[in-house]
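Residue numbers (this note's numbering), protein chains in the order written: chain A, 1 to 328; chain B, 1001 to 1259; chain C, 2001 to 2298.
Any given hint could turn out to be false.
[Stated by the list, open to error] Cβ-Cβ distance ranges computed for the label pairs, FRET-style:
1. A:210 - C:2010: 35 to 41 Å
2. C:2149 - B:1043: 35 to 41 Å
3. C:2164 - B:1232: 41 to 47 Å
4. B:1071 - C:2006: 49 to 55 Å
5. C:2152 - B:1043: 31 to 37 Å
6. C:2149 - B:1096: 50 to 56 Å
7. A:309 - B:1091: 29 to 35 Å
[Said to hold, decoys possible] Straight line, CA to CA, 25 Å or less: simulated DSS-like cross-link-like pairs of lysine-lysine:
8. C:2241 - C:2164
9. C:2258 - C:2268
10. C:2289 - A:133
11. A:293 - A:36
12. C:2241 - C:2289
13. C:2241 - A:133
[Claimed, not checked] Among chain B residues calculated to face chain A with C-beta under 10 Å, some are:
14. 1074
15. 1076
16. 1089
17. 1098
18. 1111
19. 1117
20. 1120
21. 1125
22. 1126
23. 1128
24. 1137
25. 1138
26. 1189
27. 1193
28. 1247
Derived by calculation from the structure, the hints in this document are not laboratory data. All C-beta atoms, glycine included, are put in the ideal place defined by N, C-alpha and C.
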Amino acid sequence: MMRERAVLAAIVVCVVAVLAALPLFAEKFYVQLFAKIMIMAILAMSLDLLLGYTGLVSFGHAAFFGAAGYALALIAPQSGPANFWTSFPLSVAASALLALAIGFLVVRTRGVYFIMVTLAFAQMLFFLFFDTKIAGGSDGIYIDVRPSARIGGWEPFSLDNFVHVYYVALGALALVYLLLRVLLRSPFGRVLAGIRVNEHRMLSLGYPTFRYKLACFVISGAIAGIAGYLSAVQFGVVNPEMLGWQLSASVMMMVILGGMGTLIGPAIGAALWMLLELGFQSLPQAGGVELGKHWQLFMGGFIVLATLLLPNGVGGAFRRLRTPDDDA
Amino acid sequence: MPEVSAGALATRGLTRYFGGLAAVRDVSLECRAGEVHAVIGPNGAGKTTLINILSGDLAPSAGQVILGGRDVTGLAPHRMSKLGVGRSYQKTNVFLPFTAFENCRLAAQSRLPSSMRFFRPAVSNREVNAAAERALAAAGLEGRGPVPVAALSHGEQRQVEIAMAIATAPSVLLLDEPLAGMGAEESACIVDLVKRLAADHAILLVEHDMDAVFAVADVLTVMVNGAVLESGAPAQIRASRAVQEAYLGEFTDEGASGT
Amino acid sequence: MDLYTFLIQLLNGVQYGLLLFLVSSGLTLVFGIMGVINVAHGSFYMVGAYLAWSLAGMLDSFWLALPVGVALTVAIGLLLEVLLIRRLYGRDHLYQVLLTYGLILVFEEIRSLLWGDDVHGVRIPQVLSASIPLTETLTYPVYRLWISAVCLGVAALMVWVIQKTRFGMMIRAGSANREMVESLGIDVRLVFRAVFAAGIALAGFAGMVAAPVSTVFPGMGNQVLIVCFVVIVIGGMGSVKGAMVASLLVGLVDTFGKVVHLEIGGLKLLPELSSMTVYLLMAAVLLWKPEGLFGAKR
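The task is simple: from the sequences and hints, build the whole structure.
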C-alpha cells in the first residue's frame, strides 16, 4: 500500500513538473490547450466537492462558471482593462452569491428533484442572458482588453500574454487543489463525508445538515467561478454556452470519468474529456460525411459506453488506494 | 399526571395516526435518569413508532414529549440530539465505509458548538478524539477503532451503533432493539453495557429478548395495538394476567396477526 | 387587455399546458413506476415532430402519418429499452442521467444527419384548418382546440387505464412492491417495458400533434424537457394529477408572461423576462412545498 502511494505521488510530481515546464518547449496551441484543460480541471474539482464528496448531484453547475465570466464582462469598462485584483474577487463573489441564492432553494430538495431543479435554475440563468440584452444576448460579449494586474508601478503578470495566463491557471489549479485537500480534512469536510454516506444518521447525531450542504454548494460555486473568470480571461469572450447544460453535463462526465471523490481523478477526467473532444472534432471525412462536424455523436456514444462499462472511472484506482485512515 | 423530573424524558397522551390507523394511542410514560425503562409488546404494538416520535424522526398527531421539564414536541431529530437525546437504531444505521473510530469521532464532533471549521484537520481535536475512544471502550470495542465498520461482525456493528449514541454525551438514551440479530454471548455484553450506562443516563429500551429485558429493566411498559396495556415494576408485569393474555392471544385467537 | 385577447391567451395557455401534460406525464410515470429518470425523453418529442414532417410529406396525409409516426417512435423506444434502459433499473440516478444524456447527444446528431438543421413547418390537416371567428378581426384556430381536445382525451384514457384495467393495477402494484408482483407470476420487466413504451408514445404523439403549431426545429426536444422538469418539480414526481395541475399552471404562466406588461419601479419585467416566469414559479413552490404540490412527503 505504501509503495503504491509513493509511486502515485511520484507520478503526480512528475506531471506537475512537466506542466510547469511546458511553455518552455511546447507550441502556442498546446500551451493554450493545456491552460484550458487546467481551467476545466478546476471546474471539475469544484463539482467533485459537491458530487463526489457530499453526494449532491448538481446538473446545473455551469451556472456558477458562467456567472463569474459574465460578471467580469459586465464589470470591465468599455475601453481599457479592468483591475485584476478587484475584478477577480468580485466575479468569484458573484458566483458565490448566486450559489447562495440558488442553493437556498435547491438544497432543500432530495434525489431526483435536486438534479432537476439545479438544471432548471441553470437554464433560467441561461435564458436570462440568451434572451435579454443585458450582456449581448446569444452572441455574448467580448472582453477586448484583458484585466490588468498592475499594482502601483509593478505588474506581476500580463494576462495578454498566453504564457502568463498558462502559469496563472497552473497556480490557481495548485492552490485550489491544496485548499480543497485542507477543507476535506477539516471538521467541515468530515461532516460532508458523513452526509454523503448517511445523511439521516448525521441528522440524528445532531448535525443541521441543511446549512452544511448549503455551505458546500456556495464554496463549490465560488471555485467554479474561479474557473469561469480564468476562462473569460483566456478567451476574451463570454457567451450563454458558458451557462448551458451541455457544459454542466460535460463537467459531470469529467468527474465521473476521472473517478469521483478523489479530486485528482476529476482533474485527469477533465484532461481526458478535453482531449477526447478535440480528437472527435478532428476526425476526417468518411463516406462524404464530415465526421468531425458531428463529434457530439461520438461523445454521446462514448458517454453511453463509459457509463455502462466504467462505473468507477479511471480515478477509481485512486479510490482503492486510499486507506481507511484517509476517511478519518 | 406525574410531575416530570429534570433530566427525564416523558410523554403525555402521545398519539400518532397513519391514515386512519392509530399506531400509537394516548401513550404516557416517563423515563427517569438512573433507570432503565423497557417498552415491550407484540409485533406491531407501536414501539418503533413511539421511539421515532421520541427521537424526532416522526411528529405526533397529538400529545406531548417533554424533556427535562421542557416541551420538545415535534422538534426535528438534530435538535432533539442537541438537547441530549441519543438514539440507536434497530436496523444498523452507521457509516459503513468509515472506521469504528471515525464513526464515534464524527458522533462526538457533533457536540462542538459548530463544525463550520475549515482549516485545522478534524482529527487534531484531542477532546473529540478522547470522547470517541471513551465511547468505543464503553461499548466494548477497545482496539477495534481502526477497523472499517463494514468489516466488523454483526454484533460489533451493533456495538458501534450504541457507541455512536454514547459519543454524543446524551442524558437520555433511546435504544431500539439493540440485541437484534445477536448471539447469546454478544447479547450478554450488551446487557452488561446497558446496566452500566443506566447509572448516568435515562434509558428507554425497546426489546423483544425477554431475558435481557427482565435482567436490566427497572420499569416495564407493555404496549398492545398502540396503547399502553400496563406499566410498572418487572415483578408486577410478570405476574399480570392481562399481559400474559396479550402475549398468548397473539398466538391463539388472532393467529400471527398483531396489527 | 380586452376580453377576447384574454380568451385567446387563456386557450393558448391551456393548450400548451395540455401538451406539456402529455410529455411530462410520460416522464413522471416512467420515474414513478420504474425509478428511472430518462432525460432523453424530450428527444422522443423531437423524433415525433420530425417524423410528422417527414411522414406527412411522404404519405401526403397527416392522419396516416400520426399512427405510423407513433408506431415508429415506440419501436425506437422499445429497442432502446431492451438494449440500454433496462440496464438502468435500480442504478444510481446519476448514472441514469448521464447515460440518457449521452443518448440525447446521439439523437441530436442522428437527427442532424438524417433531417438536417433547418426549421420546418408541418401543414395543418385540411379538415382542421378552419378558424373560429371571435370578433371582426380576431379568430381562433380550430386546430389548437383540437390539440386540447385530443390531449384531454388521452389524459382520460390514461386515467382509465391506470385506475380501471388489470394492466393499470399491475402497474400500480409493481411500483409499490416489485417482488410481491413477481412472486405472483407477473413478469415485472414486461410491465416496465410496456410503461416505458407508453411514456415514449405519449412524448412522440405530443410532438407530432404539436408540430403544425410549434414548427419542427433542432433543440425542441431539450427545450420541452427542461419545461417538463419544471412541471414535475411543481407537481410532484410520480403524480399524474400533479403533472396535470402543474402543466396547466406552467402553460398559463408562460403564455400570459409573454403578453402581459409589467413594470416595477422603472424596471421592465414583463414581457422582457418572460422566459424566467416558470422558473420563478418553481422557486416559489420550492419554498412552500419542496416535494411538489402533490408529491409524496418524505
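>> Using the nearest Cβ pair, does residue 1120 of chain B come within less than 10 Å of chain A?
In response: 6 Å, holds
> Given residue 1098 of chain B was flagged as interface, is its beta-carbon under 10 Å from a beta-carbon of chain A?
Replying inline: OK, holds: residue 1098 of chain B within 10 Å of chain A, min 5 Å.
> With 10 Å as the cut and Cβ atoms as the points, is residue 1111 of chain B at the interface with chain A?
Replying inline: 7 Å, holds
>> Run the distance test for residue 293 of chain A versus residue 36 of chain A: straight-line Cα separation, threshold 25 Å.
In response: 21 Å, holds
> Has the given pair, residue 2241 of chain C with residue 133 of chain A, been kept, meaning a C-alpha gap of at most 25 Å?
Replying inline: 38 Å, violated
>> Does the closest beta carbon of chain A sit nearer than 10 Å to the beta carbon of residue 1189 of chain B?
In response: Violated: closest Cβ of chain A sits about 23 Å from residue 1189 of chain B, beyond 10 Å.
>> Taking the Cβ atom of residue 2164 of chain C and the Cβ atom of residue 1232 of chain B, is their distance within the range 41 to 47 Å?
In response: For residue 2164 of chain C and residue 1232 of chain B the Cβ distance comes to about 54 Å; the hint is violated.
>> Given residue 1089 of chain B as an interface hint, is its Cβ closer than 10 Å to any Cβ of chain A?
In response: 8 Å, holds
> Is the distance from the Cβ of residue 2149 of chain C to the Cβ of residue 1096 of chain B consistent with 50 to 56 Å?
Replying inline: 55 Å, holds
>> Check whether the Cα positions of residue 2258 of chain C and residue 2268 of chain C lie no farther apart than 25 Å.
In response: 13 Å, holds
> At a threshold of 10 Å, is the proposed contact between residue 1128 of chain B and chain A supported by beta-carbon distances?
Replying inline: 8 Å, holds
> Taking 31 to 37 Å as the hint, is the beta-carbon distance of residue 2152 of chain C and residue 1043 of chain B inside that range?
Replying inline: 48 Å, violated
In this structure, the earlier hints numbered 2, 3, 5, 10, 13, 14, 22, 24, 25, 26, 27, 28 are contradicted, and the remaining ones agree with it.
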